[in-house]
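Visitor: Single-letter residue listing:
Protein chains: 2
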Amino acid sequence: MPINRQWLLAARPDGLIGPQNFTYTETSVPEIGTEEVLVKNLMLSFDPTQRNWMVDRPGYLPPVEIGAPMRAGSVSQVVQSKHQDFAIGDLVQTTGCWQDYAVVTPGKGPMGVNKLPPGVSPEMMLSILGITGMTAYFGLMDIGMPKAGDTVLVSGAAGATGSVVGQIAKLKGCRVVGIAGGQEKCRWLSEKAGFDAVIDYKSEDVSAQIAHHCPDKWDIFFDNVGGDILEAALNHINLYGRVVLCGSISTYNAKQPEPGPNNLMALVTNRGRMQGFIILDFLPRAMEAIEQLMGWVASGDIVYEVDMAEGFENIPITIQRLYTGGNFGKQLLKIADPA
Amino acid sequence: MPINRQWLLAARPDGLIGPQNFTYTETSVPEIGTEEVLVKNLMLSFDPTQRNWMVDRPGYLPPVEIGAPMRAGSVSQVVQSKHQDFAIGDLVQTTGCWQDYAVVTPGKGPMGVNKLPPGVSPEMMLSILGITGMTAYFGLMDIGMPKAGDTVLVSGAAGATGSVVGQIAKLKGCRVVGIAGGQEKCRWLSEKAGFDAVIDYKSEDVSAQIAHHCPDKWDIFFDNVGGDILEAALNHINLYGRVVLCGSISTYNAKQPEPGPNNLMALVTNRGRMQGFIILDFLPRAMEAIEQLMGWVASGDIVYEVDMAEGFENIPITIQRLYTGGNFGKQLLKIADPA
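So the protein lines, in turn, are chains A and B. The first sequence maps to residues 1 to 339 in the numbering used here. The second sequence maps to residues 1001 to 1339 in the numbering used here.
Treat the hints as calculated values from the structure; they're not laboratory data. Glycine included, each C-beta is placed from N, C-alpha and C at the ideal position. Some hints here could point you the wrong way.
To be verified - Once the Cα atoms are required to be at most 25 Å apart in a straight line, the calculated SDA-like pairs of lysine to any residue come out as:
#1 B/K1147 - A/F277
#2 B/K1147 - A/D142
#3 A/K255 - B/K1108
#4 B/K1217 - A/H212
#5 A/K217 - B/R1005
#6 A/K172 - A/H212
#7 B/K1217 - A/R57
#8 B/K1108 - A/Y240
#9 A/K217 - B/D1056
#10 A/K255 - B/G1181
#11 A/K255 - B/D1228
#12 A/K147 - B/S1207
#13 A/K255 - B/N1235
#14 B/K1108 - B/N1004
#15 A/K334 - A/V103
#16 A/K217 - B/K1172
#17 B/K1255 - A/P257
#18 B/K1172 - B/E1288
#19 B/K1255 - A/F277
#20 B/K1217 - A/Y60
#21 B/K1255 - A/K334
#22 A/K115 - A/K147
#23 B/K1147 - A/H212
#24 A/K217 - B/S1207
#25 B/K1217 - A/K172
#26 B/K1108 - A/F277
Stated by the list, open to error - Partial selection, computed: residues in chain B whose CB lies under 8 Å from chain A:
#27 T1025
#28 V1029
#29 I1032
#30 M1111
Stated by the list, open to error - Quick look at which bits of chain B chain A covers, simulated, 3 or more residues with Cβ under 8 Å:
#31 1072 to 1086
#32 1172 to 1183
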């Protein structure tokens, strides 16, 4: 009999999350009921927003309960099915959580259960064609509304979302400036991802460098980071500038809420707009993004990096990498190969 | 020969502004050139944003220069004219500044030179039908986009703009909750301005009271105040909520920039939008607002208060009232009656 390994949420966040927040257990493989599907998880997605799911406060999804497997996006393979649309062997994207096996119900759950399109690998599905790439696409296009000639500033620019934002913006005729941490990431953004300029927040004065690289200020700031970088960026907003609030990874692990930017009046003076979004709202339009992104990947117009961890035992330490800047590209973890 | 009394900007702000920032002088009445008009200022408008004009940094208007008369909106009377559209005796709204006489050029200056519509008094023109009322109208309608059934929260609710925002929102079918300072203002909002609920920030826990009075959270927050009140409000934003950033009067007089709200992530989780605006952008549509507001005032649907100071010598102490909550209703100062 196979066992179902699990990492359960054991303690809610208090500062930087990591192994201390989770506990390992083994249980039996669950049974499925009518219309349900049993999947084996092959690959897990790691996303900054997962920390938000660990906190016991109302959010866009219910908090993960203490003692429940940690919620995570996954690519999984169907091993049993009582649903007519799914057959054993099918590869699907779903919310498999941190465990070997999950019972999922097609049409339910935050991301549903979706078969991988032909020719799409698990790592593509969990990075450029998944939530990450769609976040970049809809956040930039629907919230940022780029026009040719705009200057687009991106924080977390070497991240899985930020790097795609910048490349789409280039395709839309924008000038693109990225903010990232460390020489390796900055070099990749300049040399591989085609950013016009890059700022290394670890070694440079971010506000001064934004002024230098955005002589006409910025029209769109796609912000994954928040905190000091958001404040620095707001000093250089152009008239009618848009802040796409995607996340605030710099603040997620603070033990106390961190003060916000002291210069929100820049939004008044410059008639600026700061707007948040949740990618789940855009899933009904997922195919629009996937078709565009598949085309750009196929043509070589968009490149992306995957940072692949391995081993079920390494799941809790892997999530920590997101908040320390340890990963380069989309953080994934492979549990198993498809059967 | 008449003299031209003036209050000149003498020192840039360092904390709470007041008489120490201005110096009195007397000069001769200026000459006018082609297309110019000489006006005598009868009444001055006092607006929180005037402090922003005193600071030497780029803004939506050039900073007032040290040694120049302080910039202010005014109702003024034409005393000489070399412009065919303006005759001696005409009452106009313009930017007369803190002085008895100003040379103005129709079609130029931040607000141009506009004759008062028939039946409109100087105090109406500088409050409900002027920049103040238009700020309420366009900020609420164009940035806030109210729908019947929305809950609208207003800070600075007893102020000249806030009180009009709330009353327009009521006319649009919204539930309206105001935040103001002190029992007198709160009572006026409930009893005269028809607000559904009022929170006294001087004696109540603002966040707890928002939760109490907005059981379904708020859909629009029209913010004149910023600082702690903005932070408290963001705790209670509804899905797709809109923050109309009109001003941030609680922070203007800080010697150092004050930290912003620590909960901007609420904009992400709730798909919120925070947007600033400058009323000058809407002046081409001024007649739309004026016609609406005149109608509502005539029908008694909108009430407003004017806090009228008198005496040229009292100008510098009068502006301070805006930042200490001293005024009740639109702060004006009468210099002279029409000839």
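Visitor: Compare the structure with each hint and give your call.
Guide: Hint by hint, here is what the structure shows:
Among the hinted pairs, B/K1147 with A/F277 is consistent with the structure: their alpha-carbon atoms are about 21 Å apart, no more than 25 Å. Between the alpha carbons of B/K1147 and A/D142 the distance comes to roughly 22 Å, so the proposed pair stays at or under 25 Å and holds. Between the alpha carbons of A/K255 and B/K1108 the distance comes to roughly 53 Å, so the proposed pair goes past 25 Å and is violated. Annotation: proposed proximity of B/K1217 to A/H212 is violated, straight-line Cα distance about 42 Å (limit 25 Å).
With a CA separation close to 41 Å, the supplied pair A/K217 and B/R1005 exceeds the 25 Å bound. Taking the CA atoms of A/K172 and A/H212, the gap is near 23 Å; set against the 25 Å cutoff, the hint holds. With a C-alpha separation of about 16 Å, the suggested pair B/K1217 and A/R57 falls inside the 25 Å cut-off, and the hint holds. Taken as a hint, the B/K1108 and A/Y240 pair is honoured in the structure, with Cα atoms around 23 Å apart against an allowance of 25 Å.
For the given pair, A/K217 sits about 19 Å from B/D1056 by alpha-carbon distance, which is consistent with the 25 Å threshold. Among the hinted pairs, A/K255 with B/G1181 is inconsistent with the structure: their alpha-carbon atoms are about 33 Å apart, more than 25 Å. With a C-alpha separation of about 20 Å, the suggested pairing of A/K255 with B/D1228 holds against the 25 Å cut-off. At most 25 Å may separate the alpha-carbon atoms for a hinted pair to count; A/K147 and B/S1207 exceed this at roughly 39 Å.
With a CA separation close to 18 Å, the supplied pair A/K255 and B/N1235 stays within the 25 Å bound. Proposed proximity of B/K1108 and B/N1004 is supported: the alpha carbons are some 22 Å apart, at most 25 Å. A distance of roughly 19 Å separates the Cα atoms of A/K334 and A/V103; the hinted pair therefore holds under the 25 Å criterion. Restraint check for A/K217 and B/K1172: not satisfied, since their Cα atoms lie roughly 38 Å apart, outside the 25 Å limit.
For the suggested pair B/K1255 and A/P257, the alpha carbons sit about 23 Å apart, so the restraint of at most 25 Å is met. Note on B/K1172 and B/E1288: the hinted pairing holds, with a Cα-Cα distance of about 16 Å set against a maximum of 25 Å. For the hint linking B/K1255 to A/F277, the alpha-carbon distance of about 34 Å lies beyond 25 Å, and the restraint is violated. At roughly 15 Å between alpha-carbon atoms, B/K1217 and A/Y60 fall within 25 Å of each other, so this suggested pair holds.
Between B/K1255 and A/K334, the direct Cα distance comes to roughly 53 Å. Violation of the 25 Å bound is thereby established for this hinted pair. For the suggested pair A/K115 and A/K147, the alpha carbons sit about 34 Å apart, so the restraint of at most 25 Å is broken. Among the hinted pairs, B/K1147 with A/H212 is inconsistent with the structure: their alpha-carbon atoms are about 43 Å apart, more than 25 Å. Proposed proximity of A/K217 and B/S1207 is contradicted: the alpha carbons are some 36 Å apart, above 25 Å.
Distance restraint check for B/K1217 and A/K172: the Cα-Cα separation of roughly 38 Å exceeds the 25 Å cut-off, and the hinted pair is therefore not satisfied. Restraint check: the Cα-Cα separation between B/K1108 and A/F277 comes to about 41 Å, which exceeds 25 Å; the hinted pair is violated. The criterion of a C-beta within 8 Å of any C-beta in chain A is not met by B/T1025, whose closest approach is roughly 30 Å, and the hint is violated. Because the beta carbon of B/V1029 sits about 35 Å from the nearest beta carbon in chain A, more than 8 Å, this interface hint is broken.
Look at B/I1032: its Cβ only gets to about 33 Å from chain A, farther than 8 Å, so that hint breaks. Evaluation of the B/M1111 hint against chain A yields a violated restraint, the C-beta minimum of about 17 Å exceeding 8 Å. Chain A is given as covering the region 1072 to 1086 of chain B, and this is violated because 0 residues of the stretch bring a CB closer than 8 Å to a CB of that chain, at least three being needed. Note: the region 1172 to 1183 of chain B has 0 residues with beta-carbon separation from chain A under 8 Å; the three-residue rule is not met and the coverage is violated.
In this structure, the hints that do not hold are numbers 3, 4, 5, 10, 12, 16, 19, 21, 22, 23, 24, 25, 26, 27, 28, 29, 30, 31, 32, in rising order.
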